Structure formats: structure tokens, C-alpha cells
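**Student:** Single-letter residue listing:
Number of protein chains: 2
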Amino acid sequence: MSAKILKEKIQQAVEILKEKNIDMWLTFVRESSITADPVMDMIVGEGCTWQSAFIICKDGDTYAIIGSLEKDKYEKNGLYKNVIGYLKSVREPLVETISKKNPQKIAINYSKNSVLADGLTYGMYQILLEHLEGTDYPNRFVNSEEIISALRGRKSSTEISIMKEAIKETLKIFDSVTRFIKPGVSEIQIADYVKKLVKKKGFELAWDEDHCPAVFTGPDTQGAHSGPTNKKVKPGHILSMDFGIKYKGYCSDLQRTWYVLKKGEKKAPPEVEKGFNTIRDSIQMVADQLKPGVKGCDMDEVARNHILAQGYDEYPHGLGHQVGKQVHDGGAGLYPRWERYGNAPYLPLEENQVFTIEPRLLVKEFGTSTVEEEVIITKDGCKFLSKPQKKLMLIKR
Amino acid sequence: MSAKILKEKIQQAVEILKEKNIDMWLTFVRESSITADPVMDMIVGEGCTWQSAFIICKDGDTYAIIGSLEKDKYEKNGLYKNVIGYLKSVREPLVETISKKNPQKIAINYSKNSVLADGLTYGMYQILLEHLEGTDYPNRFVNSEEIISALRGRKSSTEISIMKEAIKETLKIFDSVTRFIKPGVSEIQIADYVKKLVKKKGFELAWDEDHCPAVFTGPDTQGAHSGPTNKKVKPGHILSMDFGIKYKGYCSDLQRTWYVLKKGEKKAPPEVEKGFNTIRDSIQMVADQLKPGVKGCDMDEVARNHILAQGYDEYPHGLGHQVGKQVHDGGAGLYPRWERYGNAPYLPLEENQVFTIEPRLLVKEFGTSTVEEEVIITKDGCKFLSKPQKKLMLIKR
Chain U
-1 MSAKILKEKI
9 QQAVEILKEK
19 NIDMWLTFVR
29 ESSITADPVM
39 DMIVGEGCTW
49 QSAFIICKDG
59 DTYAIIGSLE
69 KDKYEKNGLY
79 KNVIGYLKSV
89 REPLVETISK
99 KNPQKIAINY
109 SKNSVLADGL
119 TYGMYQILLE
129 HLEGTDYPNR
139 FVNSEEIISA
149 LRGRKSSTEI
159 SIMKEAIKET
169 LKIFDSVTRF
179 IKPGVSEIQI
189 ADYVKKLVKK
199 KGFELAWDED
209 HCPAVFTGPD
219 TQGAHSGPTN
229 KKVKPGHILS
239 MDFGIKYKGY
249 CSDLQRTWYV
259 LKKGEKKAPP
269 EVEKGFNTIR
279 DSIQMVADQL
289 KPGVKGCDMD
299 EVARNHILAQ
309 GYDEYPHGLG
319 HQVGKQVHDG
329 GAGLYPRWER
339 YGNAPYLPLE
349 ENQVFTIEPR
359 LLVKEFGTST
369 VEEEVIITKD
379 GCKFLSKPQK
389 KLMLIKR
Chain A
-1 MSAKILKEKI
9 QQAVEILKEK
19 NIDMWLTFVR
29 ESSITADPVM
39 DMIVGEGCTW
49 QSAFIICKDG
59 DTYAIIGSLE
69 KDKYEKNGLY
79 KNVIGYLKSV
89 REPLVETISK
99 KNPQKIAINY
109 SKNSVLADGL
119 TYGMYQILLE
129 HLEGTDYPNR
139 FVNSEEIISA
149 LRGRKSSTEI
159 SIMKEAIKET
169 LKIFDSVTRF
179 IKPGVSEIQI
189 ADYVKKLVKK
199 KGFELAWDED
209 HCPAVFTGPD
219 TQGAHSGPTN
229 KKVKPGHILS
239 MDFGIKYKGY
249 CSDLQRTWYV
259 LKKGEKKAPP
269 EVEKGFNTIR
279 DSIQMVADQL
289 KPGVKGCDMD
299 EVARNHILAQ
309 GYDEYPHGLG
319 HQVGKQVHDG
329 GAGLYPRWER
339 YGNAPYLPLE
349 ENQVFTIEPR
359 LLVKEFGTST
369 VEEEVIITKD
379 GCKFLSKPQK
389 KLMLIKR
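Residue numbers (my numbering), protein chains in the order written: chain U, -1 to 395; chain A, -1 to 395.
Source of the hints: derived by calculation from the structure; they are not laboratory data. Please read all numbers here as calculations on a predicted model, not as lab measurements. Worth double-checking, as some hints may not be accurate.
Claimed, not checked - List time: in silico BS3-like cross-link candidates among lysine-lysine, alpha-carbon distance up to 30 Å:
1) 180/A - 98/A
2) 244/U - 198/U
3) 244/A - 162/A
4) 2/A - 229/U
5) 193/A - 2/U
6) 166/U - 16/U
7) 193/U - 197/A
8) 170/U - 16/U
9) 197/U - 2/A
10) 232/A - 289/A
11) 244/A - 69/U
12) 362/A - 86/U
13) 197/U - 69/A
14) 244/A - 74/U
15) 230/U - 388/A
16) 232/A - 362/U
17) 166/A - 197/U
18) 16/U - 261/U
19) 323/A - 244/U
20) 230/U - 194/A
21) 264/A - 193/U
22) 388/U - 244/U
23) 86/A - 293/U
24) 110/A - 166/A
25) 323/U - 69/A
26) 293/A - 198/U
27) 2/A - 194/U
28) 198/A - 198/U
29) 261/A - 162/A
30) 362/A - 162/A
31) 166/U - 166/A
32) 289/A - 388/A
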């Protein structure tokens, strides 16, 4: 992450603390190369070895309290106004700093709802309680869910322009795949082709390479999140691909669907067309309703109900998630009211959040039809960041 | 990590559960690409998206309970005997599985002492308590520190042979550096040369590239864990480098020291020789005493006291740490009795653990002398895995 964005984000955090009226936000970590609090990447940018505290205050003060051997590194980068190195224990400078500010509310990074706000391990929580033994500060703990959700969700203009580039580069790779697909090539061959292109262009994959890209050809394919297999593309198959890159620290996440024409066919059979159109229309119906203040669960319902009404099974996952430095980013999501999604379906959406919309359905005997677009919430609606797929792509060979 | 080692490690875990008399070991995780429990890499090898439970039992039974979309992946790899996919909540299959086994002790992954055993986040801990509400199981929780420490520490023969290769490859790179060093090149140039070599050979760096390698030339250098600077090598400098690679999933970590001869010098000045020899001798003194059952704090003391007795300041860090999949691995370490090291200095060492020995001292007006070797604990002593540096290396140009 560039120092520029880190500075923007720390400044944004101060504003969010004011808005939420939280006096201090404490990120408490150790050995970040082993168990990294995901927030480190947003507001620190460096790793740390020993117990370290990164403190952002509502009044704009910032503190990095780290092992003395790492002091130089943090002084050099200049992100935190106060850099305090310690030799034997973090306890003394930590208690001293908190006491000096005497915060009434201290946000720490734990969350049942959002993995991105849940970077504090249970062991580190116990250590923190020990360090603060005999003080009143543990009674002032609140969770930082809201802070982190706002910080990650509300993309700065620098972040938005990087994400647009990421999407553009991803769609170029989809175009190459359209030219590569033909009967006889296997899911694995298509995936390998994509990985080679990504490497050649110097990008990273947005998620685990075992299912990035995920490629599904024909009926009876594996579910989402499964890796590509040796199954070969055949005429009469619906083929879909789920794929994204990490570009300058930000992810893209898109899906496209193709149909492989049989001998003599000039267009896809009506049931294949209907499946694709149902997906496409459900995306547009959601986009028409997305705006600040609506809830993800209601958006999921719009697409889910449309698909059910057309006679298909409902998709066994959420409609869409936020995208950012992580491919599944932010707090709020376009999720159904299922327990596994915690409170994420119920959080009102905010301006400048970026979401995927990715419904899916099965066209019996042909395959899985699925399209995934990325949109950004605007002041009074939403805008597509990806050029939407409006037509089923036909493979003619 | 190869499936072979994962299978070895799961089997080893069953043996350790028997030895420690713990009925069940529960690893409870979600979105492992964001906050990964470090144990995933040892006993799972795959990522997971939704709340997932990986259960290993003393009686040899193993369970993977994961989101239904990821069931295929876990069935394919065959590491867990029982693979259970769920759609809406992990609660039911989790409670059912635990109830069936009715364990008296359930180890979960939290630890104040070892970051490698502290993969359970505080939010996930709270979720686990919710899932088990109304049962007696939370009263049976113990931490998995001992299990993970034994599992990571006790290297299998496959692991040892990979680690030997990693060290061999690392020392080859040190040899190239010896030929590259000359007056006028900067710390950054040396580091860039090393990174290029690593890339060319297809290895990864063992830790953050901002200080891997760490290069220190001459007096008044930055401390350990600082990145290289534009400072240039000059005649009369002591130069040292701290560097390791990640090779087939396992790390190396070594340091070497050079002296840059001044015009007319044929050997290093006596004070430089004395500094190097003090380091070298302190390493050998420790190696002579290392064996199963001794404590790391006593080993640290051997080297620390020798260095103090020779009139130098003590090094501001531990003498050595375990190495494995992580560059700082395992539980026990050769650490002083300082609070920041928790209980790691006091754990008895075990056969087949791999440690670094890395004392450091400052030779005034010349620079930092530091050597780091890797040793493996044997049945009744230890063996060097790296060919030890016995003489100061002289740069003649």
C-alpha cells in the first residue's frame, strides 16, 4: 500500500472516530507475519515482531509503540506522530500513553460479525487485560467493527481509480479467454492459461490459486469455490468463470458466462437464453435499487425472488460482497438473512462502498449460468464499475 | 505443503494428543485468507471461507466441518476421514460431532506465550461459546499450546531433509555475496543483488523483503530488523548480513560477518578479530551444552555471559529461536528471562527441534559482528545444520 493511501486512511480514521464519538482506537498485535490483524494493512503498512500498539485518537494524535529494534523503521516512514520503542515490555509505555489520553471509549479489534474487524487474537486479548490490570480501561473497551467497516468501505478517490484499473485489466483477460475457449480444452487448461497471463502481466491473483480462476463447463459441475477439473469443454455446454486479480494492492472479482454452440446451432437454445437473461435481469433489478441506506438483505431478496419466480433453485450463497484490499472486504454485504452472515446483511449501505452482484443458477443439462459485476454506491444510486455483460457470449468453433 | 507432510503431521498430532492425554483438538476458523490460524498450514493445507471446524481426536478420528460449497475440495484431498458440509450454520454439525465424542478435554488455539498457538481470534472465541451455549463443553477447554509446540517443533525426517537443502541453498547465496562485496557498494545494492539471486533461483524470502536481507556495514548502523540503507561499504568496516529463504515451504535463517581490509592491511585489527572470535566461541559454547531437557534461558545466559565477560554490551534480543515453516517457529526459544518472551525461555528443549544461535556485539568504530547458525537437537546433544563460520571473511579489494 502506498504511503499516500496509508496517510489518507489514518486521517479518515480520525474523522470516523469523531463521527462515532470514540476517543481512542487501539490495534494490539505481535509477529504480524504469522497472525496479521487485517487492519495493519490499512493503517500501518509495516510488519512488527514484538507486542506492538498502534493508537489513533479522536483528537488526531497517533502513537506507534513497538519493540526498540523496529523503532527506526517506524520513525522513517513518519505515519505515526509519536514513535515509542521499548526494550523489555510494552506494558509501561502502553499504560502511560493510554493514561495520558484518559479515553472514555477505547475501540479494540474483535468482532463476531466481521472477520476484517476481528484481528485481535484471544491470547492477545488476555495479554492486553493483564497489561491493564488495576486500571479502569478494560471497562471502556468497545469493538472497532463500525470504525473498520467505515474505513474499509468508504473508498477514497485514489482507491477508486486503482479499482477501476484493476477491473479494466481483468476484463481484458476475460476477452482473451473468449478467444481461447474451444471444444476439447479442459477447465484446468483454461485456468492455467489465465494464470500464465496474470503472471506475464505482473499481477497477482485475487484469491487462492486453487480456485482462481474457477472454471465450470457443462452440467454436473462442482459448486462455487471448487477448483477447475479435467472436464473438457463440449458443444452444448454453458461455461462460466469466476476470476479476479490483485492490482496495486486492490482486488477485482468478476464472472462471465459463455455458451458453446452445437453443430448447426446459430444461437443458444431457449432454456439457456432464459437462464442467462434471468441472471442479467436480476443484476439490473438490484442495481436499480442500490443506494445509501438500503440493506443488503433486501437487495439479496430482489435477485433471489426473481430467480425463484422464474422457476430456478435459489443460489446457495449471498448475492454480493464488498471488494477492496481483500476480495471479500468491508462489513455490510448483499447477503440473505442467514445466521452464517452475522449482522452483515442488516447494515445500511454507504456512499463509496464497492460491491459485487453475483447471482447464479443452474440450467439443467447445460450448466451453470452466473455473471458477476462490480458497482459503487453513489450519493443517490449506484454505478457499474465493470462494463456489464448484457449478452451470452457464444463460442462458435 | 505437500500432502505427504500434512498426513505425517495429522498422524503426529494424534500421537501428541495421546501423549498429553487430550481427547480432542478443535481448530475453529473462517475466511482463512484474511485471518489465518497459523496451524491451518500444518494440518489443513487448504483455505476456508465460512466458519469451519477441523477436529482431530485422540482415538484417531478426524473431522472437517465446512461450508457446503467447499465440501468437494476437502473430500478430494482426503486428509480428514469425515467431511461434513453445511449450508446455513456450522452450529448443528459442530455440536453433534462434539457430543458424539463427548471429550473431557478440548484443546483450542489460544496462547499468551506462543503466537503460533494463538490463531483463534477473540470474535471467533465468542462465536464458539455461542454455538456451545447450553452444553458443558466450554468448561472442558484447554489451550493447544503444548500440542502445537510439539507438532511444529518435532521435525519429521521429510521436514529435516527439506530444511537442510534450504540451508545449503542459502549458504550458496552468501558465497556469491562474498564475491560481490567491495568498497563503494551500498547496503541497498547488496540487498538488491541478493533479492535478484533469490528470484532467479525461484525461492521466496524467509521474511519481509524490507529487511530480508538485512545488511549492516561499518559503525553506527541501524539495529537488527532495520532495512538496508544507502550507506556504502568502506575499508575498515565490519559488514554483516542476516538472510534466509523459504524453500519448499520451510525457512532458513543465517548470518555471516565480513571485514573490509584497509590499504596495507593483511588481516583484521585485533579488536575486530576479538569481536568475531567472541561471537564464534559463544556459539560453540552453547552448542556444547544444547540437548533435550535443557532450557532456552540457560542457553541464552551461556552466550550472554561470555560476551559480557569479554567486555561487550549484551545483545538486545534473544540468542535464538526455532525455525520451520515460519522463520520464528515453535514454542521454546533460546531467550533471556524477559517478560516479552512469555514462557518460551522456560520450556525444556526436545529432540528434532531446529534452533538458530545468533549472538551479536558491537565493535566500536568498526561495526556489528554477528553470526547465526542453525542446529538440530539430537538424542543427547545437537548437530549443526549449517557449516559454521569459523573465521572472519576478509574482503580484499
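**Student:** Please flag the earlier hints that this structure goes against, numbers listed from lowest up.
**Tutor:** Going through the list in order, the structure violates hints 1, 6, 8, 10, 15, 16, 18, 20, 21, 24, 26, 29, 30 and 31 and respects the others.
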